[in-house]
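Number of protein chains: 2
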Amino acid sequence: MKKLAIGIDIGGINTAFGLVDENGDLYADSVVSTKKFPLFTDYPAYVAELTESLHALADSLSFEYELVGIGIGAPNANYHTGVIEHPANLWKFPVGETNPDESRRMFPLVDDIKKAFPGVECRMTNDANAATIGEMIYGNAKGMKDFIMITLGTGLGSGFVANGEMIYGHDGFAGEFGHVIAVRGGRQCGCGRRGCLETYVSATGIKRTVFELMATMTEPSELRDIPFANFDAAMVSTAASHGDPIALEAFRITGELLGYALADAVTITSPEAIFLFGGLAKSGKYIFEPTQWYMEENMMSVFKNKVKLLPSGIQSQNAAILGASALIWQEVKQLGA
Amino acid sequence: MKKLAIGIDIGGINTAFGLVDENGDLYADSVVSTKKFPLFTDYPAYVAELTESLHALADSLSFEYELVGIGIGAPNANYHTGVIEHPANLWKFPVGETNPDESRRMFPLVDDIKKAFPGVECRMTNDANAATIGEMIYGNAKGMKDFIMITLGTGLGSGFVANGEMIYGHDGFAGEFGHVIAVRGGRQCGCGRRGCLETYVSATGIKRTVFELMATMTEPSELRDIPFANFDAAMVSTAASHGDPIALEAFRITGELLGYALADAVTITSPEAIFLFGGLAKSGKYIFEPTQWYMEENMMSVFKNKVKLLPSGIQSQNAAILGASALIWQEVKQLGA
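Chains as they are written, first to last, in this note's numbering: chain L, 1 to 337; chain Y, 1 to 337.
Bound conformation, chain L alone (with noise of 0.2 angstroms):
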């Protein structure tokens, strides 16, 4: 009998899930709104509405099939626990909630997803480690045992797989390669601290770097006509291939910091490569080749010329969708070996 598994990516916005099969081809999907629950008490109606859905969803195909399990990218998710854990952008408290207490804000979606499935497989880890995943079972890291996924989008993810594992550490959050310190004492962080790597490189951060070379460079840029808050990362391409000289100091920069994190990086995991996934990694030369090369300029000699820099092999639009599914192959996959 065919077998499927369910991948739901939760977002701010949407929660996304789909029906997919070992070779990441899509059966079905559908969509609920995340954003209609905003507060941490709508929980258990966000539930409600998401199994009942998943249900649906599972009884839509016109052929019998295995569900073999449900896999889950989220923000904040705790692989080990099943817990989402104070997610910054879910489930809030209640507007004027004095002294709130974050302990309440605890969200076992995992065992909840199971009652609604019993006896069915979930796992639940953060999206940056869900496409780390899907690069492995659907995509250009098939086969590889060791390697690094940079995700460029409003901030920066990473997934850091070793021995063949993903890395989930001790406490289950491991590989938040986006809060290392590229520039002490630098730009503010959402985290908190200050000069974090995604505060430099990642949509948000290219764009804050614009902004800075609009104050430091004097040449004329096309970039200069729009204001802050309409401004999004894929300009600074669009000015990039128009020879921008803003745009491109702002991509050498943007390559020049994450080209230096990844040559740390690799002298404590020695990777076979290395992809960068997401919106700015789209933006192709403009991003891999400074990243490339102060990479390379950086690189401890033993590890020179050894390590691939390359984009991710999964280009469809439900990439979410494929790397939270791709938890459950994952899992297949070690228990048949």
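In short, the hints are calculated from the structure, not lab data. The structure presented is a predicted model; accordingly, all values stated were derived computationally and were not measured. Ideal placement from N, C-alpha and C gives every residue a C-beta, glycine not left out.
Computed Cβ-Cβ distance ranges for the label pairs, DEER-style:
| hint | chain 1 | residue 1 | chain 2 | residue 2 | range |
| --- | --- | --- | --- | --- | --- |
| 1 | Y | Glu297 | L | Met106 | 22 to 30 angstroms |
| 2 | L | Ser62 | Y | Lys142 | 49 to 57 angstroms |
| 3 | Y | Lys145 | L | Glu297 | 33 to 41 angstroms |
| 4 | Y | Gly185 | L | Met217 | 19 to 27 angstroms |
| 5 | Y | Ala229 | L | Phe228 | 55 to 63 angstroms |
| 6 | L | Lys2 | Y | Asn89 | 54 to 62 angstroms |
| 7 | Y | Ala234 | L | Val332 | 51 to 59 angstroms |
We have chain L already, so just place chain Y on it with the hints.
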């Protein structure tokens, strides 16, 4: 029948080896000179003397036992291939050889030992990785699946364990944490780059810091009477215990840079504990307190107050032999599991 493993520790001056049981008890040990064989053309003679001495050691016990394997800790050891690649301090080119070809300095020690001990398991890794496995088998990391080992000697070595397994990396050389960049454009490092962590955090590093501070600070210090060439790191400990201001400031700076670097490492692998091993670690509170303080001060909030900073549990003067033998016991354990 009693089972024993041989552990071999290869240093630039001596090669020490011993017979060790699974509890870390040493039954016999011996030593041969490494220094006697300075040229790369001497390597076959070194192997002959070493294997002969190993056989003599193996035959020296008065009871019958099973030799389960031979573990080796050596600089520049490739775990995957069993080859010592381009070691900095072993088997150099003959004096006066012009235009030497580095590719000849590859020493397949595991294969050579296996020829002398047919059918016996043999494994080799670098000394810091061997110490890491020693900690896991005999020391304070027993039962831990995720931890980091920092060895503070002339340089800074490290071993990273995730999911209960040593991270050797794709090329077998992972764990070079002494060569993450602590200060961009900083002190010259033996690796040819600048600002590597070990140029600040190691016996040599703290010595360099003391000499810098003698220039920048005006306070009196007992260390001002010692010439650079006669100076060793233990003197900084002694001076610190007298309240010497330069020694205390040198430890603070060392702990600051190590704490920063460890806070970054935690974001990647999220360990349960970090162990400090070796000469500088014996300075106790002088190194532990500032390291802990700066690590926590710079820790991403999700990891704050979660990671233990601990001394190594292996205090024996035979730590290096024990670590090397642990490579074999680790293997035995995994086969039994």
